[in-house]
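J.: The chain contents come next:
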Amino acid sequence: MLTKAGTEVGGRVVPWREFVQGAGKALPIVLGYVPIGIAYGVLAREAGLDLRTATAMSVLVYAGASQFIAAGMFGAGAGGVSIVLTTLLVNLRHALFSSSLAPRMARFSAGTAALVGTGITDETFAVASAEPAAQAHHPMFYYGLNLTSYAAWVLGSFLGAVLGPFLGRVADLPLDFALAAMFIYLLVVQVRSREVAATAFLAGALSLFLAAGCHTRWNVVLASVIAATVGAGCERWIKRSW
Amino acid sequence: MDKTFLVILGMAVVTYLPRALPLVVLSKARLPEGFVRWLGFIPASVLAALLAPELFLQNGQPALGPENYKLLAALPCFFVAVGTKNMLLTVLVGVAVATILYVWF
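So the sequence lines, in the order shown, correspond to chains A and B. Take the first sequence: its position 95, counting from 1, is numbered 105 in the working numbering, and each next residue is one higher. Take the second sequence: its position 76, counting from 1, is numbered 164 in the working numbering, and each next residue is one higher.
Hints listed in this document are in silico derivations from the structure and should not be mistaken for laboratory results. Note that the Cβ used here is the ideal one computed from N, Cα and C, for glycine as well. Any given hint could turn out to be false.
[Unchecked claim] Quick partial rundown of chain A residues pointing at chain B, CB under 10 angstroms, derived from the structure: (1) L95; (2) H104; (3) G127; (4) V199; (5) A233.
[As the list claims (entries may be wrong)] Non-contacting residues of chain A with respect to chain B, defined by C-beta distances greater than 10 angstroms in every case (computed): (6) R22; (7) E28; (8) Q31; (9) L41; (10) R55; (11) L61; (12) F78; (13) A146; (14) V172; (15) F187; (16) L212; (17) N229; (18) R250.
[To be verified] Simulated crosslink set (SDA-like; lysine to any residue; CA at most 25 angstroms straight-line): (19) B:K116 - A:A146; (20) A:K249 - A:S203; (21) B:K116 - A:L95; (22) B:K91 - A:L53; (23) B:K91 - A:L95; (24) B:K116 - A:E28; (25) B:K91 - A:G58; (26) B:K173 - A:Q31; (27) B:K173 - A:E28; (28) B:K91 - A:L61; (29) B:K116 - A:P25; (30) A:K249 - B:G122; (31) B:K91 - A:A86; (32) B:K116 - A:G121; (33) B:K116 - A:K249; (34) B:K91 - A:V23; (35) A:K249 - B:E121; (36) B:K91 - A:A75; (37) B:K173 - A:V198; (38) A:K249 - A:V201; (39) B:K116 - A:P149; (40) B:K116 - A:V23.
Hey, can you work out the whole structure from these sequences and the hints?
T.: So this is what it looks like as structure tokens:
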């Protein structure tokens, strides 16, 4: 039955409005995922993966950076175990995002939380955590956000894998800057206090140093954990001494 | 089932677990207040940690000059974000400026 708030299924109202709101928040992600997915599809085909395999990786793994690396490793003839282990290392950062979102989902069932978890990426996490914490979202919000982003990634990958040979230089255009621009916006919105601004500055500097100076892929996790620890510690120390 | 597909299945498993496990376990647990406050600093830290290498490095090397079109394109993005608080507009301006700078130089 259709009510003003949504469709009634098994005595419960499904709020489609929340789904649509989540899908709308995914729009900038779509603008970034389609071109990056195309770039991945092109690269995967060049590395020797067939159309089905290249697309299956996007459907099943759904993690950009690790897919680029895996495609390269497949192309270089790397062993399966080393590809899986590398994927684990590159994608462990999601555990940090997942932990950070957990307090917002205290009222979700374990199954719902497990389903929402499938869609966590750098970008969906950034958008979800920019929502005011006081505003409790229905799971449908997260499904809208995650499914729209996922669809864009799979569609982009498929297009890239199909059209790869015909795209030529169009695939080189910096359309993926959409994601960097979205991060800039989200950072501007997230910085609500001087403590958070200083913490973000420290995280950025550490990440730069780790990426350029130490050539580690752990720059995001290490820089975030260290900066958040310093930020939370200083905040506590300042509040105590006043 | 061919070997490549098995490897992809393995990749899927090791990617899914870190995504979902903390959410399932920690959303049910009562977290210490200090830990929740610490988690509150994580989103801004992650954003800055993702952005800084993207904007300031080219091919793994620091690039602060005008040849770094991403750094140049970041400036109008910042001002649009601060001025309008509109995510889609920020993204559209960013992509447009980055594309123009990239084609130009």
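J.: Indicate, hint by hint, whether the structure satisfies it.
T.: Outcome of the hint check:
1. Hint status for A:L95: holds, given a least beta-carbon distance of 8 angstroms to chain B, under 10 angstroms.
2. Taking 10 angstroms as the C-beta cut-off, the interface hint given for A:H104 holds, the closest approach to chain B being about 5 angstroms.
3. About 3 angstroms separates the beta-carbon of A:G127 from the nearest beta-carbon of chain B, less than 10 angstroms, and the hint is met.
4. For A:V199, the suggested interface contact is upheld, since its CB lies about 7 angstroms from the closest CB of chain B, less than 10 angstroms.
5. Among the interface hints, the one on A:A233 holds; its C-beta lies about 4 angstroms from the nearest C-beta in chain B, closer than the 10 angstroms criterion.
6. With a cut of 10 angstroms on Cβ distances, A:R22 stays outside the contact zone with chain B, its closest approach being about 20 angstroms.
7. No Cβ of chain B approaches the Cβ of A:E28 within 10 angstroms, the least distance being about 18 angstroms, so the stated non-interface status holds.
8. Every C-beta of chain B lies more than 10 angstroms from that of A:Q31, the closest at about 13 angstroms, which supports listing it as non-interface.
9. Separation of A:L41 from chain B is inadequate, the least Cβ-Cβ distance of about 6 angstroms not exceeding the 10 angstroms criterion.
10. Remark: the non-interface label on A:R55 is consistent with the geometry, its nearest Cβ contact in chain B lying 14 angstroms away (cut-off 10 angstroms).
11. Remark: the non-interface label on A:L61 is consistent with the geometry, its nearest Cβ contact in chain B lying 13 angstroms away (cut-off 10 angstroms).
12. Its beta-carbon lying about 12 angstroms from the closest one in chain B, A:F78 satisfies the requirement of being farther than 10 angstroms from that chain.
13. Every beta carbon of chain B lies more than 10 angstroms from that of A:A146, the smallest distance being close to 13 angstroms; the non-interface claim holds.
14. With a minimum CB-CB distance of about 19 angstroms to chain B, A:V172 clears the 10 angstroms threshold, and the non-interface call stands.
15. Distance check on A:F187: its Cβ comes as close as 4 angstroms (rounded) to a Cβ of chain B, failing to clear the 10 angstroms threshold; non-interface status is violated.
16. Not every Cβ of chain B is farther than 10 angstroms from the Cβ of A:L212; the closest lies at roughly 8 angstroms, contradicting the non-interface assignment.
17. The Cβ of A:N229 does not lie farther than 10 angstroms from every Cβ of chain B; its closest approach is about 7 angstroms, which violates its non-interface assignment.
18. Non-interface call for A:R250 relative to chain B: holds, since the shortest CB-CB distance, roughly 13 angstroms, exceeds 10 angstroms.
19. Note on B:K116 and A:A146: the hinted pairing holds, with a Cα-Cα distance of about 16 angstroms set against a maximum of 25 angstroms.
20. This hinted pair checks out: A:K249 and A:S203 have alpha carbons roughly 14 angstroms apart, not beyond 25 angstroms.
21. For the suggested pair B:K116 and A:L95, the alpha carbons sit about 29 angstroms apart, so the restraint of at most 25 angstroms is broken.
22. Between the alpha carbons of B:K91 and A:L53 the distance comes to roughly 20 angstroms, so the proposed pair stays at or under 25 angstroms and holds.
23. Restraint check for B:K91 and A:L95: the C-alpha separation of about 16 angstroms stays at or below 25 angstroms, so the hint holds.
24. With a C-alpha separation of about 23 angstroms, the suggested pair B:K116 and A:E28 falls inside the 25 angstroms cut-off, and the hint holds.
25. Under the criterion of a C-alpha separation no larger than 25 angstroms, the hint pairing B:K91 with A:G58 is consistent with the structure, at around 14 angstroms.
26. At roughly 17 angstroms between alpha-carbon atoms, B:K173 and A:Q31 fall within 25 angstroms of each other, so this suggested pair holds.
27. Distance check on the hinted pair: B:K173 and A:E28 sit about 21 angstroms apart at the alpha-carbon level, within 25 angstroms; holds.
28. Between the alpha carbons of B:K91 and A:L61 the distance comes to roughly 16 angstroms, so the proposed pair stays at or under 25 angstroms and holds.
29. Straight-line distance between C-alpha atoms of B:K116 and A:P25 comes to about 24 angstroms, which keeps the hinted pair within the 25 angstroms bound.
30. Between the alpha carbons of A:K249 and B:G122 the distance comes to roughly 13 angstroms, so the proposed pair stays at or under 25 angstroms and holds.
31. Annotation: proposed proximity of B:K91 to A:A86 holds, straight-line Cα distance about 15 angstroms (limit 25 angstroms).
32. Only pairs whose Cα atoms come within 25 angstroms are accepted, and B:K116 paired with A:G121 is accepted, the gap being roughly 12 angstroms.
33. Distance hint between B:K116 and A:K249 is unfulfilled; the C-alpha atoms sit about 29 angstroms from each other, more than 25 angstroms.
34. Under the criterion of a C-alpha separation no larger than 25 angstroms, the hint pairing B:K91 with A:V23 is inconsistent with the structure, at around 44 angstroms.
35. Using a Cα cut-off of 25 angstroms, the hinted pair A:K249 and B:E121 holds, with the two alpha carbons roughly 15 angstroms apart.
36. At most 25 angstroms may separate the alpha-carbon atoms for a hinted pair to count; B:K91 and A:A75 meet this at roughly 22 angstroms.
37. For the hint pairing B:K173 with A:V198, the CA-to-CA distance comes to about 8 angstroms; that is within 25 angstroms, so the pair holds.
38. Taking the CA atoms of A:K249 and A:V201, the gap is near 19 angstroms; set against the 25 angstroms cutoff, the hint holds.
39. For the hint linking B:K116 to A:P149, the alpha-carbon distance of about 15 angstroms falls within 25 angstroms, and the restraint holds.
40. At most 25 angstroms may separate the alpha-carbon atoms for a hinted pair to count; B:K116 and A:V23 meet this at roughly 24 angstroms.
When held up to the earlier numbered hints, the structure conflicts with 9, 15, 16, 17, 21, 33, 34 and fits the remainder.
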